[in-house]
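Undergrad: Each chain, written out:
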Amino acid sequence: MNDAPTFEAAQKELEEIVHRLESGEAPLDEALQLWQRGEELYRLCRERLDAAEGRIEELASRAEATKPA
Amino acid sequence: MKIEAIDYGDRRVYSVGAFNRGVASWLARLPTVWVEGEVTELRRQARWASVFFTLKDPAEGACLGVSMPRGQFDALRLELADGDRVHVYGRPELFEARGEFRLRALSLERFGLGDHLAALERLKQKLAAEGLFAPERKRPLPFLPRRIGLVTGNDAAAKRDVLTTLTARFPPANVLVGETYVQGPRAAGAIIETMRALCRESDVDVIVLARGGGSFEDLLPFSDERLVRAIAACPVPVVSAVGHEQDTPLCDLAADARASTPSTAARLVVPDLAEVLQRLDRARAGLERGARRSLERERRKLDGAHERLDRAPRLLLERKRARLEHAAGRLKTLSPHATLERGYAIVRNEGAIVRSGSSVEPGQQVDVELAEGGFGAKVEETR
Chain A
1 MNDAPTFEAA QKELEEIVHR LESGEAPLDE ALQLWQRGEE LYRLCRERLD
51 AAEGRIEELA SRAEATKPA
Chain B
1001 MKIEAIDYGD RRVYSVGAFN RGVASWLARL PTVWVEGEVT ELRRQARWAS
1051 VFFTLKDPAE GACLGVSMPR GQFDALRLEL ADGDRVHVYG RPELFEARGE
1101 FRLRALSLER FGLGDHLAAL ERLKQKLAAE GLFAPERKRP LPFLPRRIGL
1151 VTGNDAAAKR DVLTTLTARF PPANVLVGET YVQGPRAAGA IIETMRALCR
1201 ESDVDVIVLA RGGGSFEDLL PFSDERLVRA IAACPVPVVS AVGHEQDTPL
1251 CDLAADARAS TPSTAARLVV PDLAEVLQRL DRARAGLERG ARRSLERERR
1301 KLDGAHERLD RAPRLLLERK RARLEHAAGR LKTLSPHATL ERGYAIVRNE
1351 GAIVRSGSSV EPGQQVDVEL AEGGFGAKVE ETR
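As given, the protein sequences belong to chains A and B, one line each in that order.
Quick note on numbering: this note's numbering labels position 61 of the first sequence as 61, and the sequence is numbered without any gaps.
Count along the second sequence from 1, add 1000, and you get the number used in this note's numbering.
Keep in mind that a hint or two might mislead.
To be verified - To give an idea of the chain B side of the interface with chain A (calculated C-beta under 7 Å), a few residues: (1) H1306; (2) L1309; (3) P1313.
Unchecked claim - FRET-style restraints, in silico, Cβ to Cβ: (4) A65(A) / K1320(B): 56 to 62 Å; (5) E1225(B) / E64(A): 58 to 64 Å; (6) A1197(B) / A65(A): 42 to 48 Å; (7) G1374(B) / R37(A): 55 to 61 Å; (8) G1304(B) / G54(A): 46 to 52 Å; (9) R1323(B) / E53(A): 54 to 60 Å; (10) L59(A) / Q1278(B): 31 to 37 Å.
Unchecked claim - Derived, one-sided and incomplete: chain A residues facing chain B with beta-carbon distance under 7 Å: (11) P5; (12) A10; (13) L14; (14) E15; (15) E22; (16) G24; (17) A31; (18) W35; (19) Y42; (20) L44; (21) C45; (22) L49; (23) A51; (24) E53; (25) I56.
Since the hints were made in silico from the structure, they are not lab data.
The beta carbon of each residue, even a glycine, is placed where N, CA and C say it ideally should be.
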């Protein structure tokens, strides 16, 4: 998978993985692979959220600067 | 009637008297009609056989001389004064001696307030039937007009009220004032002209028609059919602020919005700037709050998923281990050793399990296995 998934797609896949693991149906080998994939997706989502937060702070400080007296 | 003419070669020429007689006889053939107008210049003298007055069209200012036999006029006891509205029943005639055209009145009725109201009511019904006052015709006023066209009398308190309120509420308001007659016979036409002129100006998004209170007659131009139609046909929305609360000139019904006073009209037309700015500020703050809130929500959701992800493989392992233990337990239950524990013994003859008495013979050596250890034995007898 070369194209980085969108936040929503990553989040959805992560939740599906969690669900599959929690159902206990996955064979052990697959479970370990799923876990690894899930961790990757979690990191990706975290990065997106951190970036969004940085953008919010930036916009908020810009808005503060242009506030009419 | 034969009209005498003198022929000068090929030119026919009439004397003044003959000409007047000719026109008079032609006029006399016209039918008798009712004419409505305002009485002015009423002239009555005891020695005259007729009473004279001028009938004036209040809308157009056109005039018509009227004569009526004095006895008949006096018998009506109308006590007419200048400006009174009347209906005259008569026929056109020419006063031959002076070549003056006038209406020969046969009957005369005062046209009073009640008649005015009835006429207005008829007009209202007619225009309503055409759908001119229908609510679905009303257009919404612009939230922020680029330019406001104000139609009002010159030096009118109404004008001042509108302008004061407009600038108080919305200082950058751009107003184009069209001054016009707001009373009298020329008012309706002048108001229409002014309204049209303002609409031709660029960026005019709304028209305010403002006039202070006045008598019923003063406000009549605002019920003029032409004006009412012009308001309904106006390309931009019209706010009508004419007279006081209790007056309902027909222009109010055709307008897109009606205001009871000129300052109310101004309030309808522009928003309160301070309030708008405040709302804008609140919206902006809400914007930031909303963005942060949705970020927080996503973060919590993600953290929840992550926690479950971390727990899931261990749980999975636990479960698999438990299943294994369970299987081991069942395996153990099924092993022969458990049976021996319950007091059974296994008898072997040269390694083969003995299942029947006939498979051994007396004197033969067998091996007995118990839950704990075992022993050798000799067969005594078979059964």
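Undergrad: Hint by hint, note whether the structure agrees.
TA: Against the structure, the hints:
At its closest, the beta carbon of H1306(B) sits 5 Å from a beta carbon of chain A; the interface hint therefore holds under the 7 Å criterion. With its C-beta approaching chain A no nearer than about 4 Å, L1309(B) sits inside the 7 Å limit, and its interface hint holds. Look at P1313(B): its Cβ gets to within about 5 Å of chain A, closer than 7 Å, so that hint holds up. Between A65(A) and K1320(B) the beta carbon distance is about 58 Å. The supplied range of 56 to 62 Å therefore holds.
Taken as a hint, the range 58 to 64 Å holds for the pair E1225(B) and E64(A), whose Cβ atoms sit roughly 60 Å apart. At roughly 46 Å, the beta-carbon separation of A1197(B) and A65(A) lies within the given 42 to 48 Å, and the hint holds. The hint said 55 to 61 Å for the Cβ distance between G1374(B) and R37(A), and at roughly 57 Å that hint holds. Taking 46 to 52 Å as the suggested C-beta distance range, the pair G1304(B) and G54(A) does not conform, at roughly 23 Å.
Distance hint check for R1323(B) and E53(A): the Cβ-Cβ separation is about 44 Å, which falls outside the suggested range of 54 to 60 Å. One distance hint, 31 to 37 Å for the beta-carbon pair L59(A) and Q1278(B), is violated here, with the actual separation near 21 Å. This hint is violated: P5(A) has a C-beta 14 Å from the nearest C-beta of chain B, more than the 7 Å allowed. Hint on A10(A) is violated. Least Cβ distance to chain B is approximately 9 Å, over the 7 Å limit.
A distance limit of 7 Å between C-beta atoms decides the matter here; for L14(A) the minimum to chain B is near 5 Å, and the interface restraint holds. Nearest Cβ of chain B to the Cβ of E15(A): about 6 Å, under the 7 Å cut. The hint holds. Interface hint status for E22(A): upheld, as the beta-carbon distance to the closest one in chain B is roughly 5 Å, under 7 Å. With its C-beta approaching chain B no nearer than about 5 Å, G24(A) sits inside the 7 Å limit, and its interface hint holds.
Among the interface hints, the one on A31(A) holds; its C-beta lies about 5 Å from the nearest C-beta in chain B, closer than the 7 Å criterion. Proximity of W35(A) to chain B holds as hinted, the smallest CB-CB distance being about 5 Å (cut-off 7 Å). For Y42(A), the shortest C-beta to C-beta distance to chain B is roughly 5 Å, which falls under 7 Å, so the interface hint holds. Hint on L44(A) is violated. Least Cβ distance to chain B is approximately 10 Å, over the 7 Å limit.
Because the beta carbon of C45(A) sits about 5 Å from the nearest beta carbon in chain B, less than 7 Å, this interface hint is met. For L49(A), the suggested interface contact is upheld, since its CB lies about 5 Å from the closest CB of chain B, less than 7 Å. Here the hint on A51(A) is broken, as its CB sits about 10 Å from the closest CB of chain B, past 7 Å. Given hint, E53(A) at the interface with chain B, holds; its Cβ is 6 Å from that chain's nearest Cβ, closer than 7 Å.
For the restraint placing I56(A) at the interface with chain B, the shortest Cβ-Cβ distance is roughly 5 Å, inside the 7 Å limit, so the hint holds.
Hints 8, 9, 10, 11, 12, 20, 23 from the earlier list are contradicted by this structure; the remaining hints agree with it.
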